[in-house]
Amino acid sequence: MAHQKFAYAPAPESRAVVELAPSYGLFIDGEFAEAADGRVFKSVSPSSEEVLAEVARAGEADVDRAVRAARKAFTKWSALPGAERGKYLFRIARVLQERARELAVLESLDNGKPIRETRDVDLPLVAAHFFYYAGWADKLEYAGCGPNPRPLGVAGQVIPWNFPLLMLAWKVAPALAAGNTVVLKPAETTPLSALFFADVCRQAGLPRGVVNILTGYGDAGAALVAHEGVDKVAFTGSTEVGKAIARTVAGSRKKVTLELGGKAANIVFDDAPVDQAVEGIVNGIFFNQGHVCCAGSRLLVQESVQEEVLDALKRRMATLRVGDPLDKNTDIGAINSAEQLARITALAEAGEAEGAERWAPPCELPRSGYWFAPTLFTGVTQAHRIAREEIFGPVLSVLTFRTPAEAVEKANNTPYGLSAGIWTEKGSRILAVASRLRAGVVWANTFNKFDPTSPFGGYKESGYGREGGRHGLAAYLAEPGEAAGGRGEGEGELDR
Amino acid sequence: MTVSERSEGAARLSVLKTYKLYVGGKFPRSESGRVYEVTESESRSGRGGRTGKAGKGGRGGAGDAGGAWLANAPLASRKDARDAVVAARKAFAGWSGATAYNRGQVLYRVAEMLEGRRDQYVREVGEAEGLSRAKAAAAVDAAVDRWVWYAGWTDKIAQVAGGANPVAGPYFNLSTPEPTGVVAVLAPQESSLLGLVSVLAPVIATGNTAVVVAAERAPLPALSFGEVLASSDVPAGVVNILSGRTAEIAAPLAAHQDVNAIDLTGASPELAAELEAAAADNLKRVRRPAPAESWTATPGTSRLTAWLETKTVWHPMGV
Chain H
1 MAHQKFAYAP APESRAVVEL APSYGLFIDG EFAEAADGRV FKSVSPSSEE VLAEVARAGE
61 ADVDRAVRAA RKAFTKWSAL PGAERGKYLF RIARVLQERA RELAVLESLD NGKPIRETRD
121 VDLPLVAAHF FYYAGWADKL EYAGCGPNPR PLGVAGQVIP WNFPLLMLAW KVAPALAAGN
181 TVVLKPAETT PLSALFFADV CRQAGLPRGV VNILTGYGDA GAALVAHEGV DKVAFTGSTE
241 VGKAIARTVA GSRKKVTLEL GGKAANIVFD DAPVDQAVEG IVNGIFFNQG HVCCAGSRLL
301 VQESVQEEVL DALKRRMATL RVGDPLDKNT DIGAINSAEQ LARITALAEA GEAEGAERWA
361 PPCELPRSGY WFAPTLFTGV TQAHRIAREE IFGPVLSVLT FRTPAEAVEK ANNTPYGLSA
421 GIWTEKGSRI LAVASRLRAG VVWANTFNKF DPTSPFGGYK ESGYGREGGR HGLAAYLAEP
481 GEAAGGRGEG EGELDR
Chain W
1 MTVSERSEGA ARLSVLKTYK LYVGGKFPRS ESGRVYEVTE SESRSGRGGR TGKAGKGGRG
61 GAGDAGGAWL ANAPLASRKD ARDAVVAARK AFAGWSGATA YNRGQVLYRV AEMLEGRRDQ
121 YVREVGEAEG LSRAKAAAAV DAAVDRWVWY AGWTDKIAQV AGGANPVAGP YFNLSTPEPT
181 GVVAVLAPQE SSLLGLVSVL APVIATGNTA VVVAAERAPL PALSFGEVLA SSDVPAGVVN
241 ILSGRTAEIA APLAAHQDVN AIDLTGASPE LAAELEAAAA DNLKRVRRPA PAESWTATPG
301 TSRLTAWLET KTVWHPMGV
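If you read the sequences in order, they're chains H and W. The numbering of the first sequence is full-length UniProt numbering, which starts it at 1 and goes up by one. The numbering of the second sequence is full-length UniProt numbering, which starts it at 1 and goes up by one.
Hints are not guaranteed to be accurate.
With the C-beta cut set under 8 Å, the calculated list includes, among others, these residues of chain H facing chain W [unchecked claim]:
(1) Lys-243
(2) Ser-304
(3) Ala-318
(4) Tyr-464
Think of the hints as simulated: they come from the structure by calculation, not from any bench. Computed from a prediction, not measured in an experiment: that's the story for all the values here. The beta carbon of each residue, even a glycine, is placed where N, CA and C say it ideally should be.
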């Protein structure tokens, strides 16, 4: 009886650990500064629509200034012994651990994701990435990139809003370990944790100009990618923007890595342990509100167990708690922005209009803020938009298959190729199916696991390059015979 | 007693070869029905080598390079390029699914066939590039050796480029390189055989299939190389060789939605920039032309890893 159910008491995390200033500047050459043209924008908490702070909006002049600062800093930073660079990274990792609670709360406020995830997933991984790459800084000659490993120069990095601090760590840590300097642009809806990271760099005593943070919109990101003083471009975000970046850098000497969209198949075979598979499906699509490029958004379930799996899945979905991101019992937080909510809503409506059956557990959504209930669609075919397009929200499309061959064919029937899941007790089937899936990460009997030592990245239109592990380091080192440090010796005027 | 001895007195008319494309294991003419004149390299004829080789058919015409006429090569079209991609895609599952050991055996067999035709290639490369016999011989030997070098990589690159990842948790986590798919290759313009081998071998050693555009002015050694591939154990479609105008054939390949990667080595900087922009439409993997690539230097592994994706598989550990 529903009315007899024990309700959870609210268990909110305190906001008091974060001190938010009313306004923040750009972080260039070790100092916070206003944008050259004085423009600002507001960062809003997606769960309450409360304005958290006003932030400087970078323009072309600011991009130019930041790139010059990074280029100037590059000479000394790249000449430091690796062991010294490593010590700076270790310091950053330590400060991140010390300030983990503050940063977790901040990230939940600014992004809308549950504190349980920022506290238990994002922040531990952020620190772990700096620890991992810190150890590489004095071992570059063992990274397999040739006998004389050299950095590329200035890295221009543009990151998305779904894991603001984690994506920063994925990009900044290997760049600095390899001896590059960095200009990073966080997403306009989640600029705050990157600015706090600037303060972490300051506490760690990082030399000025080694890390520069430009808050702003897509125009600033585009200017950064196109800036001729940038030697390496790293981007995580949509496939559409990734293609635009690939066009921008065409014909230049810039090295590029792109982590783009996905439409992962999560394949459940008839011999899978149902309860574990259901946990994996839930984690695969509802983790971080489904704002995950590698989310398992297409459930491929073997026809013979479809009913059993769907019943269990619906039961489990009914227990998901949607609400205040700062409540420690919350499973699903707020959608990151009004714009994103509109996109998810439109695609879900397209699912219904195209004849798929929509289901969501009864759940009361908060009045203010941006929210979307965990949703699943059955009766989905491969032609449906909800089966083809990345939704980037808590929406699961369910398809069925009869044979492993059909599962593989359906799984691969997408221009994306970032990730996939396999659920079966049969080891030989895992290995056979995993080897035939065209995806960069395959989780077997688990999903959405990340680790700094483990390469992550896509096939096909999910982008190129890998982040994490030795492979992630290679993206920031010159290939043997390749000119390093931008324009090589006798740097151009940018240096003066 | 040889034939020429028997026919002493009357100059023997040699048998000319009609050079054809190599697509899907067959030797078609260009569907367009077009050909272009291939001439001896100017540097060779300019040195007063074997100019006016009327004995080779008496058709000694003026080609664009100004040297003696060698043959009419097929002038491949957009449709030929698309046919080649279809053949390469069809061959991908089998070739990428073959064991690395098997691929190594097949590649080594190609080296055997090439070695067996050494004299033919010394002549063809000499004519194509205007090299002395000794220099042409050195280039052919280097090409055979380079091919053997890559044959040996098929079953080693996974160990060098992949490995186990020590993740912080009870998971078995393994990264393995896999071929990216169909790779379009613009062979270098200056080195008709050694250059071709240096860019082609790493593509197929790693399990990809290839559509190769031969050097524009000197395509004959590449077209003959198709005969070597056909007489070895390379499955049909794994390598497809086109001759013609590089810019004309490369454009549809760079824009093709079923091509996964493109090697721009044989493109000029302007053409390369254009092709790279077209390649962005489906996020092809792109290898840009290097300013001055030496085909005699040790290649390293970058031409292998350029055409590999890294797949990482996770599995929980426990009892």
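Cross-check of the supplied hints:
Checking Lys-243(H) against chain W by beta carbon gives a least distance of about 5 Å; that is within 8 Å, so the hint holds. Of the supplied interface hints, the one on Ser-304(H) is violated, with its beta-carbon coming no nearer than about 24 Å to a beta-carbon of chain W, more than 8 Å. Violation of the interface hint for Ala-318(H) is found here, the shortest Cβ-Cβ separation to chain W being roughly 26 Å, above the 8 Å cut-off. The beta carbon of Tyr-464(H) is positioned within 8 Å of a beta carbon in chain W (closest approach about 6 Å), and the interface hint is therefore held.
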